[in-house]
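Mind assembling these two chains? They're in different frames, but the hints should get you there.
Chains as they are written, first to last, in the numbering used here: chain A, 467 to 578; chain B, 3 to 116.
Source of the hints: derived by calculation from the structure; they are not laboratory data.
As the structure is a prediction and not an experimental result, all values here were calculated from the model.
Yeah, the Cβ is synthetic: ideal placement off N, Cα and C, and Gly gets one too.
Honestly, I wouldn't trust all of these hints.
Distance ranges between label pairs, derived from CB positions [what the hints assert, rightly or not]:
no.	chain 1	residue 1	chain 2	residue 2	range
1	A	K522	B	G74	26 to 36 Å
2	A	P474	B	G87	42 to 52 Å
3	A	A544	B	F68	16 to 26 Å
4	A	T486	B	Q43	16 to 26 Å
5	A	K492	B	P63	15 to 25 Å
6	B	K80	A	A476	33 to 43 Å
7	A	T530	B	G30	45 to 55 Å
8	A	T543	B	E16	47 to 57 Å
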Amino acid sequence: SQQGEEDPQALSIQEGENATMNCSYKTSINNLQWYRQNSGRGLVHLILIRSNEREKHSGRLRVTLDTSKKSSSLLITASRAADTASYFCATDANQAGTALIFGKGTTLSVSS
Amino acid sequence: GAGVSQTPSNKVTEKGKYVELRCDPISGHTALYWYRQSLGQGPEFLIYFQGTGAADDSGLPNDRFFAVRPEGSVSTLKIQRTERGDSAVYLCASSQSRGLTEAFFGQGTRLTVV
Numbered sequence: 467s468q469q470g471e472e473d474p475q476a477l478s479i480q481e482g483e484n485a486t487m488n489c490s491y492k493t494s495i496n497n498l499q500w501y502r503q504n505s506g507r508g509l510v511h512l513i514l515i516r517s518n519e520r521e522k523h524s525g526r527l528r529v530t531l532d533t534s535k536k537s538s539s540l541l542i543t544a545s546r547a548a549d550t551a552s553y554f555c556a557t558d559a560n561q562a563g564t565a566l567i568f569g570k571g572t573t574l575s576v577s578s
Numbered sequence: 003g004a005g006v007s008q009t010p011s012n013k014v015t016e017k018g019k020y021v022e023l024r025c026d027p028i029s030g031h032t033a034l035y036w037y038r039q040s041l042g043q044g045p046e047f048l049i050y051f052q053g054t055g056a057a058d059d060s061g062l063p064n065d066r067f068f069a070v071r072p073e074g075s076v077s078t079l080k081i082q083r084t085e086r087g088d089s090a091v092y093l094c095a096s097s098q099s100r101g102l103t104e105a106f107f108g109q110g111t112r113l114t115v116v
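Pulled out of the complex, with its shape left as it was, chain B reads as follows (with noise of 0.2 Å):
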């Protein structure tokens, strides 16, 4: 596609369930990035991917979430037991490569925990 699709737009869920948000990179992008964002902070690393595999996922911040890149483009970020305390923007992005090169954002997934 043109750009980073992250999908569902917005997502409510109530609390303890399970959620899934889906990032489609840019074609060919091997660098693939989750962040959430909480209203008035800047983006939070959570979870970074080179090809297939993840090459940073300090962020991560318990092991209620995870993530998958199975063949290396579309990525699936997956929260467990779910607390209102997860509600933000999740954002993804894509990079051709990691370092000198830009990033490109995906719109976000607004997750709402109830």
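Chain A extracted, bound-state conformation (with noise of 0.2 Å):
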């Protein structure tokens, strides 16, 4: 099962332009994050934002989080290139001894 669905599935920008993904999820949660990943193997941890927090930032990455509307954003500000990638939040819901699930990804695309 996937607890977080994410919004856009595909993202197509130009290089300089700020990139917004969304993700929804399901049951309460004691964190959210948010992952990169390339050429579809090893995924990279971003950013974790606790469910008590509102808003992170990192780099050119701004995360937000509405535990009421149960919904994520990731912002990346000025992308480039490289920004290009999947990206999926990962949601460790509320309960001893559950996973860390994740959703099914925004595709970025970015061009020069």
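Below you can see the structure in the form of structure tokens.
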């Protein structure tokens, strides 16, 4: 099963533009994480936001979390061609013994 | 090791055969996850270990799939009587503990069942 759903499924932008991806989830969570994946292999952790946080920044990344709407957004500012990848949100549901569950991802394409 | 290591990186097997996929997590990480990913999809959760025990195996699709982590470090995912539909990239991840920590992923094993 998949907890998160990213939106849009695919996004194409020009270098320098901002990219916004959204994630919705179903159950209450401890935290929400965003990951990046190149070429369909290993995922790389980008940022973690706790359930009691509303916004977090890391370099050109900005993540927001709205627990009342069960949604999160990832904003990449001033995008670069190297940002081309798939981006996934993952949640750690607020129940003992539950695992990190991923959404289906947003495929971002940044053209120069 | 420095990161999560998965072996083999690629595996081609015939339908009906048995395969084992290995994951070496980062030393000291108690949580270990197995996922499988098909083309264009997100990682699909299979099983999660906390230490030696399977804390959550609800993602295993059927009884042909089994995973062990006998000493709380290396884990092996075992697939019996493989089917063509089992073809996917199998990803392993580890983290220091469940919850407020990031997961570190290996590069995956690409399994092809012919």
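Hints, one by one, checked against the model:
Taking 26 to 36 Å as the suggested C-beta distance range, the pair K522 (chain A) and G74 (chain B) conforms, at roughly 32 Å. For P474 (chain A) paired with G87 (chain B), a C-beta distance near 28 Å fails the hint of 42 to 52 Å. A C-beta distance of roughly 47 Å is found between A544 (chain A) and F68 (chain B), which places it outside the suggested range of 16 to 26 Å. One distance hint, 16 to 26 Å for the beta-carbon pair T486 (chain A) and Q43 (chain B), holds here, with the actual separation near 22 Å.
Distance hint for K492 (chain A) and P63 (chain B): a CB-CB separation of about 21 Å, consistent with the stated range 15 to 25 Å. Distance hint for K80 (chain B) and A476 (chain A): a CB-CB separation of about 35 Å, consistent with the stated range 33 to 43 Å. T530 (chain A) and G30 (chain B) have their C-beta atoms about 32 Å apart, which leaves the hinted 45 to 55 Å range violated. Under the hint 47 to 57 Å, the C-beta atoms of T543 (chain A) and E16 (chain B), about 49 Å apart, fit the expected range.
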